[in-house]
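A.B. asks: Chain by chain, the residues:
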Amino acid sequence: MSKKNYNWQLKSTLRILKEILFWAAGIWLFIYCWNIISARTIWPFVYDGAEQGSKLLMRMFPPNWTYFLDLLRPIWDTITIATLGTLAAILLSLFVAFLAAENTSPHPLLRQLALLIIVTSRSVSSLIWAIILVIILGPGVLAGIIAISLRSVGFVSKLLYESIEEIDRKQVEAVEATGASKFSALIYSVVPQVFPSFVGTAVYRWDINIRESTVVGLVGAGGIGLQLNEAILGLKWPDAIIIFMMILSLVLFSELFSAKIRKTLI
Amino acid sequence: MTLLTESSGNYSWQRPHLIKNKNKRAIIYLLAVAYIIFTFISLKIDSQRIILGLSRSQKYFADFLRPDFISRWNSIVDGILESLTMTYVATVFGIIISIPFAFGAAENISPKPIYYLSRAVIVISRSFQEVVIAIFFVVVIGFGPMAGVLTLTFSSIGFLSKLLAEEIEDIDWTQVEAVKATGASWPQLMTYAILPQILPRFIGLSVYRLDINFRASAVIGVVGAGGIGTTLNAAFDRYEFDSASAILIVMIAIVLLGELFSSFIRKKIK
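Listed in order, the protein sequences are those of chains U and G.
Under the working numbering, the first residue of the first sequence carries the number 839, and numbering increases by one thereafter.
Under the working numbering, the first residue of the second sequence carries the number 11, and numbering increases by one thereafter.
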């Protein structure tokens, strides 16, 4: 047996040097950014923050329990915004994803257009869509629904077109070999392959949308955000804590619900 | 579902249904349709307002198609830089704070009381949308990017801790035991057995969160927490839709660049 080198290292010396350089750059960037933010901060307010925060929490007690009854309708609206918004997004994304997937897209130009729609939708958050839509449609639940669906189209389409691109060609060929038309081939070979992940995506997006629809009301697009804005601007902290508790329980409920659906369907 | 057998002589095959029980299926579909119809009725769509709004917003649409980068260029650059600095600082803070919570929230290595405490923090952080948290911090420490940094840090903690905890729960214990058997100390155990297993995923998650935080930094400005959102909100308030459109285009471009960057990093660590 020849001599063996037992000085084993996890990383080579060059790699360690590279990593030190990388970390130094990261830390330098952090200090640089921190200085910018620090210069724009009124520090006495921040030092005072803990005291202000605890005072604020004290003012929330005792909670105004009866306000709960006034919140039932806004909560219902919030759920409606999330549900109908997600449904609309699903319907739209069926087309967009079909155009965006490399193997089903009818034309490369259409594919680029679909990808552009997906990026735009994913980059602009639902609150900004809501601001625009409230100006056009007026305040109300409808603006919220459209805002949520415009934001969700990109997300649902992206995950759907990626799973369409990953399908097994053999199954499509097998169905086509029976003499099936293009459309039946789509229904009987593509759809069954992408369906489980699609339902999972849709339910997951609904869950996210519940969270998003709690804030679109801040700019007038319906749901519980309107009440939250009112309570905070009016300094009605005993009301605000009830709203926070409602949002928390709504989100927890939606999370459990979507986890259960995903488990039974997939 | 009928079986396709020679002896049954029954060749009519149907696609299997999502819900097998016939009655259950009918009830669930009926309920879903009833819900949709009911909510549509309860929408109270004010068609006159929409027609009015659409005719009024023709000018806005026209402005949107002619993005104006020039007249507000300085405040756009300033807002974007503020958003980027907020994003970076908050992500770094979020990563540092999320590590102990992630270990606390991993069922396989954490004692029960710490486990429940960490999970509670994660649930609260994840339940509230960034804007709601931003409102709270703006009230407590005033307008400006610091409120934004605190908001983004707080919401990063829940996201990173939850996903990292899941990763820690999935690690391969045989590797840990093998390193332990060589007589390794606790720091050695961490660096040679546990970290190599979770590090790639953790870097991926951090880069992903950087991306999310930038998008979020654009909205929390609407309630006064600094960043490009402040500029965007001002543009909307003044009905300067051409500037608003320019801001949105710059944001989309940065998100795209960020996506390229994060997919590059994720490929590299694989």
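Source of the hints: derived by calculation from the structure; they are not laboratory data.
Please note that a few of the clues may not be correct.
Claimed, not checked - With a Cα cut of at most 27 Å, we get these calculated DSSO-like pairs of lysine-lysine:
(1) G/K30 <-> U/K849
(2) U/K893 <-> U/K1101
(3) U/K1008 <-> U/K1020
(4) U/K1098 <-> G/K190
Stated by the list, open to error - Pair ranges (Cβ atoms, derived):
(5) U/L852 <-> G/T184: 53 to 61 Å
(6) G/F274 <-> U/K849: 17 to 25 Å
(7) U/K1098 <-> G/Y126: 19 to 27 Å
(8) U/R878 <-> G/L209: 13 to 21 Å
Glycine included, each C-beta is placed from N, C-alpha and C at the ideal position.
A.B. asks: When you take the CB atoms of U/L852 and G/T184, is the distance between them in 53 to 61 Å?
C.D. replies: violated (31 Å)
A.B. asks: Against the 27 Å threshold, does the CA-CA distance of U/K1008 and U/K1020 hold or violate the hint?
C.D. replies: With Cα atoms ~15 Å apart, U/K1008 and U/K1020 stay inside 27 Å; holds.
A.B. asks: Using the beta carbons of G/F274 and U/K849, state whether their distance is inside 17 to 25 Å or not.
C.D. replies: holds (21 Å)
A.B. asks: Taking the Cβ atom of U/K1098 and the Cβ atom of G/Y126, is their distance within the range 19 to 27 Å?
C.D. replies: holds (22 Å)
A.B. asks: Need the status of pair U/K1098, G/K190: alpha-carbon distance at most 27 Å?
C.D. replies: Measuring from Cα to Cα gives roughly 39 Å; hence the hint is violated.
A.B. asks: Keeping to a limit of 27 Å between CA atoms, is the pair of U/K893 and U/K1101 held or broken?
C.D. replies: violated (44 Å)
A.B. asks: Hint says 13 to 21 Å; check whether the CB-CB distance for U/R878 and G/L209 agrees.
C.D. replies: Check failed, 34 Å falls outside 13 to 21 Å.
A.B. asks: Taking only the CA atoms, is the gap from G/K30 to U/K849 under or equal to 27 Å?
C.D. replies: Given pair G/K30, U/K849 is violated - Cα atoms ~56 Å apart, limit 27 Å.
Hint compliance for this structure: hints 1, 2, 4, 5 and 8 are broken, all remaining hints hold.
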